[in-house]
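Generate the whole structure from the sequences, applying the supplied hints.
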Amino acid sequence: MKIQTRDLEARHRAFRSADDRAFEGLSLEIGAGEQVAIIGPSGAGKTTLLEVLACAMKPVSGSLLLDGRDPWQLSTAELQRLRGTLFLAPQVPPLPPRQRVVTAVLAGRLPTMSLLASLRSLLVPSDLPGARAALERFDLAEKLFERVDRLSGGERQRVGLARTLMSPASLWLIDEPLSSLDPARLQQALQALVESARERGATLVTTLHQVDAALAFFPRVIGLRKGKLAFDLPSAAVTPQALNDLYETSSDEAHNAGASRGLPAHASVSITTMHCR
Amino acid sequence: MDRGESIRDPATASRLFLILAGLVLLWPLLKATEFRPWALFEADSVQATVRFLGSFWPIAVEPDFLRLVARETWRTVAMATAAISLALVLAIPLSLIAARVLSLSALTGTMSRVPFLIRRLIHGVLILLRSIPELVWALVFVRVVGLGPTAGVLAIALTYTGMLGKVYTEILESTDPHASRALLRTGSSRTQTFFYALLPTCAAELISYTVYRWECAIRSSVVLGFVGAGGLGQEMDNSMKMFAGAEVATLLLVFIGLVALADRASATIRRIIE
Amino acid sequence: MRAQTWAVLIDLPCLIVSSFATIDLQWQSFVSLQALSSMGRFVGEFVPPETSPEFLHKVIVGAWETLAMSILGTLLAALLGIFLAVPASQHQRDGTGWTRTPVQWVLNALRAVPELVWASLLLISAGLGPFAGTLALALHTAGVLGRLYAEALENAPSGPALALKAQGVGSGRVFFYATLPTVLPQIMSYTLYRWENNIRAAAVLGVVGAGGLGQLLAFHLGLFQMHKTATVLLGMIVMVVCVDALSHQLRKVLT
Chain G
1 MKIQTRDLEA RHRAFRSADD RAFEGLSLEI GAGEQVAIIG PSGAGKTTLL
51 EVLACAMKPV SGSLLLDGRD PWQLSTAELQ RLRGTLFLAP QVPPLPPRQR
101 VVTAVLAGRL PTMSLLASLR SLLVPSDLPG ARAALERFDL AEKLFERVDR
151 LSGGERQRVG LARTLMSPAS LWLIDEPLSS LDPARLQQAL QALVESARER
201 GATLVTTLHQ VDAALAFFPR VIGLRKGKLA FDLPSAAVTP QALNDLYETS
251 SDEAHNAGAS RGLPAHASVS ITTMHCR
Chain E
1 MDRGESIRDP ATASRLFLIL AGLVLLWPLL KATEFRPWAL FEADSVQATV
51 RFLGSFWPIA VEPDFLRLVA RETWRTVAMA TAAISLALVL AIPLSLIAAR
101 VLSLSALTGT MSRVPFLIRR LIHGVLILLR SIPELVWALV FVRVVGLGPT
151 AGVLAIALTY TGMLGKVYTE ILESTDPHAS RALLRTGSSR TQTFFYALLP
201 TCAAELISYT VYRWECAIRS SVVLGFVGAG GLGQEMDNSM KMFAGAEVAT
251 LLLVFIGLVA LADRASATIR RIIE
Chain D
1 MRAQTWAVLI DLPCLIVSSF ATIDLQWQSF VSLQALSSMG RFVGEFVPPE
51 TSPEFLHKVI VGAWETLAMS ILGTLLAALL GIFLAVPASQ HQRDGTGWTR
101 TPVQWVLNAL RAVPELVWAS LLLISAGLGP FAGTLALALH TAGVLGRLYA
151 EALENAPSGP ALALKAQGVG SGRVFFYATL PTVLPQIMSY TLYRWENNIR
201 AAAVLGVVGA GGLGQLLAFH LGLFQMHKTA TVLLGMIVMV VCVDALSHQL
251 RKVLT
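These protein sequence lines are chains G, E and D, in that order. Following my numbering, the numbering of the first sequence begins with 1 at its first residue and continues without gaps. Following my numbering, the numbering of the second sequence begins with 1 at its first residue and continues without gaps. Following my numbering, the numbering of the third sequence begins with 1 at its first residue and continues without gaps.
Note that these hints are calculated values from the structure, not bench results. Among the hints, a few may not be true.
[Stated by the list, open to error] 25 Å max Cα-Cα, derived DSS-like pairs, lysine-lysine:
(1) 58/G / 165/D
(2) 2/G / 58/G
(3) 31/E / 58/D
None of these values were measured; they are calculated from a predicted model.
As structure tokens, then:
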């Protein structure tokens, strides 16, 4: 799916005033099948951007075109159909605690299932080999019949990723897919995600805190800082200075404040330890 | 674990079994309760229903009747309040005895035989009181003390003693025993311990449950009226036996209003306590 | 808040005192020596309870009828309750929130009318017998459970449901795949707890003609057949205690 935005602006989900902005002035173009990582400090508006691209939130102004169509001009039925062709994976896996992994994973396929088939699948899961294969990509095949609340945080996150594989979507919007994974799993999960997206020809847009992983696995990186586009470059062209500027903790703000209070400016954050949590 | 195409869902067998078992059990249940929903739509039943519902409108609003309704409403509320007060008076000492938190012998390890047996006995009495529906008590008491609110008050008081007593005991036992044990160890009497250690912590929960039960008691009072305990329930029974639909309608509305009021009052009191 | 607290502190004792004053409790009818001895005699008539096989058979049939009434009534109430809880828990944000107030009103009306009153009303449509009792239990309990379920639905975490909605999944399937699995343990707990109450209610509905042990009780008590009444009472107590224990166990296992 192709994404085109121009001067896109949106509010936070829980906004308090009319001029609250999660991000503004974003103009991007992401081609079909491209793989992009979005990086930036906390509060930069990355999650809100994914939600707007997923048509889960209406932008305040600006234009958003998915495959050349403005989703908010479509009829409700057409919008629902469009939503079935994209997949938003939130940072906290949206899995009901007592559901079994097999049902949670197969739920990704609901947009293609009739009402009767989906209800029948609750009793007798409809595609056991498919669910197993998706879980196997993330090294979780043996947890097929486990209950979600019996899994660790990292395992639940991988179930959320396996659900992405099961969906019929051509646009994958993944929010922080690695936040609960231990370092040994990071590589494997990201590898599986990127390879599956390539096999399916799906457009993959991911937000990441792990900058080195973003640079290693994604050909294109977008930097977001305080709701504005910092850079949009091929990963080979991202300089340490650009990263420094991106993650610097509001030094100019501290400068002005410090000038009146005599406080020192903050030091810039080192690039290699990018786990901003 | 299986590989390839032959993956079996371990839950399918038990699910199918449960569904079959449920269906097998459903049939005798339907038979035992003479479940015939189509009977509701038979000609004479529909006619009777329509006639009865039709007599609801216009509702009875003659001043004499309304005065009677007002008097009986007050009677119902008074019955419930008196009953709950009696139940409180009985339940509090029983629950204090039954609560293990106040056990002196348990301070130094396990409880000794006699206090343990006494506690078990009181538990049993409370469970017994709470298992017998108040209507049954009312039926029996009406034979002993005659028709009227006395039978109703006694019946509700007994059943609710069981309910209040059991829940009070549970509330007392679920508090952290640290404070009470400390006081008991330094020689305070059990009553003192209750007032200084247990009551401050549990008061809100105790009062909240009691107020909720007061609301239930109002509904019980109406039900008991059907067996002769007076109040709104008795008037409703009388009116229904005479097929006076208009009066039944007024009584129902008044009753629903009363329950709503009691609900609001109880919510307010509980909010004040928090 | 202070004024309200004072109001409560003054009203409450007044209410209690005036309640006792108005009721005209016949203290002498059960506190005097004569009353106590006549009560003692009365209680004595209950012993020994009737244990002839034919009568025991009748009591067991009545107990089974009562049990069936309570189970079927609670089941129907749970289904009706869920059906009503969904519109009763909608939030205004969607624009579909208009159903909340009217449906809550319906639930409150169902809940306010006690089972016995429902039973006597339903006797006209459903005739004498346990059918009216089952329906009465179902209607009243649907009001109670519907409100509890609606609260559970409103307090349920919305993550799973929102994720499915973002995929364009229809609201029916969102309910079965996301919302219901999240609140199912609570729903089962409430339903089983209500069953404990309903077995008591079912036992007495027979007094107005709705079958079960209640009908037996009213019949034999009316004829002053105290031995048989005693057996029926014992049957009631045994059933209530068993159902309480079973419900307690099931709740531990399922939730």
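Each hint tested on the structure:
For the suggested pair residue 58/G and residue 165/D, the alpha carbons sit about 14 Å apart, so the restraint of at most 25 Å is met. Restraint check for residue 2/G and residue 58/G: the C-alpha separation of about 18 Å stays at or below 25 Å, so the hint holds. Between residue 31/E and residue 58/D the CA atoms are separated by roughly 17 Å; this keeps the pair inside 25 Å, and the hint holds.
In terms of the numbered hints stated before, the structure departs from none.
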